[in-house]
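Peer 1: Using the sequences and the hints, build the whole thing.
There are 2 protein chains.
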Amino acid sequence: MIENFYSVIPAGGGGTRLWPLSRKSSPKFLYDLTGESRSLLQSTVDRLSVISKHENILVITGQSHLDSVIRQLPELNSDSFIDEVEPRDSMAAIGLAAAILQLRHGDVVFGSFAADHVIEDKDGEFESAVKKAQDAANDGYIATIGIKPNSPSTAFGYIEEGKQLVGGTYLIKKFVEKPTEQLAKKYVESGRFLWNAGIFISKTSVMLEALKIQKPKLYDGIMKIANAWDTPRRLTVQNAEWAALEKVAIDYAIAEPVSKKGMMAVVPGNFEWTDVGDWDAIATLIQKSDTANSCASGQNVTLGNSEFIHTINSHDNIIFDSQEKLIVLLGVDDLAVIDSGDAILVTKRQIAQKVKDIIPHLEDEDLDKFI
Amino acid sequence: MIENFYSVIPAGGGGTRLWPLSRKSSPKFLYDLTGESRSLLQSTVDRLSVISKHENILVITGQSHLDSVIRQLPELNSDSFIDEVEPRDSMAAIGLAAAILQLRHGDVVFGSFAADHVIEDKDGEFESAVKKAQDAANDGYIATIGIKPNSPSTAFGYIEEGKQLVGGTYLIKKFVEKPTEQLAKKYVESGRFLWNAGIFISKTSVMLEALKIQKPKLYDGIMKIANAWDTPRRLTVQNAEWAALEKVAIDYAIAEPVSKKGMMAVVPGNFEWTDVGDWDAIATLIQKSDTANSCASGQNVTLGNSEFIHTINSHDNIIFDSQEKLIVLLGVDDLAVIDSGDAILVTKRQIAQKVKDIIPHLEDEDLDKFI
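Residue numbers (the working numbering), protein chains in the order written: chain A, 147 to 517; chain B, 147 to 517.
It cannot be assumed that every hint is accurate.
It does not matter which identical chain is meant; a pair holds if it fits inside one copy or across any two.
[Unchecked claim] With a straight-line Cα cutoff of 20 Å, these simulated DMTMM-like cross-link-like pairs (lysine to aspartate or glutamate) come out:
hint	residue 1	residue 2
1	515	470
2	515	453
3	331	307
4	494	479
5	277	418
6	500	479
7	494	462
8	500	397
9	199	453
Please keep in mind that the hints were generated in silico from the structure rather than gathered at the bench.
Peer 2: Printed below as a string of structure tokens:
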């Protein structure tokens, strides 16, 4: 447990690369995608419960997902849930959480952690990195934890380390977008680049001050809502102000401009992390952890109602069965076969990133109910 | 129309290579597998309606399929349906039909045609072959129609032609089992071998006499049931005699021994024929007919609720959607993706013959309800 540390989980929507399971109406964080009988959201709360008391955890989610989220997290009380009228991207969510925390508890250090990432941390490295980031936050920085890359991935943004502040904490020189493969290799070889895991740790006052400077209108709207939150006026103000909140990611609203002012710090995190971005990433994640335990190879990854999945002469497939429907694979390798109940996807793992291209196709065909 | 010609359709079970669609409870002849909005059984009746009046057509099927069969064939009256208490293979079915026809109409010529084969006959070649076989039947032969092979298939049995009887009709020298590929090539090159399409055409008296000689006990059982058929005793006798009927194919019970006596004739049939044996055969059949019309290539074959099937960068797949469930294929080729409602199969077209191996797997796993 880290003393006086508050955890915020923005559980927005998204995840079109995990279609047909992940939908507008049921985003990926609600699903068990690691075969451990806990949804990504539940695993996130489990992980944060090690560093924050339950009453110090906030979950921000869309009103359409609120019921599912509350049902999945019986350990949290109703004060822990912040509902969004409509999606307004990460800055509004994190800003509102910071403001509510500050009004409830005064100026405290909080961290924001995605609801749909997987972290494998056997040696307490995650907690230790958060503690270092807390120190940097207490020194006035907005801190992040950057993941030491184990491959030149082109699926993530990178963070370039600047000068060392104290042992294991660096100034951020700059944030860089998802690179080309060539560039990614250079980054990894340099040893100075980390994956951006979208973690932000700061004092509430520092976050809100940065927001006030960078996005004054958004700050005003958020403060109006936050001031009304724990009062009978919550609903009225929420409904009156929400539509006007700017839709912008914290990366663009705060991280990039503040890093240019030399006010952002990064702690390199030495643990396994993945954003569970697509079906291939999930399969690789599970195969890796299974191999560590059982030395199996060429195995298939089965999720959902696994007992209804049967594979014959088939290897390295990922199969998700959300119903009690028999799924049989015969003599096929490296496929993703995903049955969400009302839709089935069959594709190759190696092109799993392209699953997001199905969404515009469905829009063109007036199949919005499947999006 | 061929005068005084009776048609018999044994519609038994089977078709394990078309799992998961074809089941014990709903065999393949009940499905539209050619995309023409007629089941294989309906197409068979359509084809035979050209050569036999509706009242001269008999369909023999299991009691468990009788309702479905009657519903699919409203053009036939109740006398046309012969129900089997339990499957007893083709000899019992064809023998009983022959006996019932003889008792109802005297000694007539009839032909037996499988319920689940597809014949494409644009030039009346099928009718013309049946007429020639009828002539041979009137001369006392048990005749068959052998298909001129267009490839050295190892999926069918072959018939070797003997000496010519009259123009276009030959004695059968012998029946041969499914050959190796090498042997199949020799057969096709010789020009004297035909595919065995399981068609038998003879006088009822000749068929029953052959049965009496080859399988006297089976003959006795069948005659008892046939004599009771159009009487109030039908049900009692049927139930009393059925279990003891020998389970044997007409090929072994009659065709092979009778051909050795020089009493079987074959008419080479010059039309497109397929036994719709597996998913690849169905895809090839439909692709061939579509290409003839539209010159399309690399297209996917979609069956069932085709409007719910979407393919993106995917080619030469066969997809069956039996529900209103979205099926999306992204970047995959040459697959069979079959959704029967309670089960989904994903396999490669080139190993479609191996789908039958799934059945023993399901038996081992106590999943009999999916067989």
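Peer 1: Can you name, in rising order, the numbers of the hints this structure does not satisfy?
Peer 2: Violated: hints 8 and 9.
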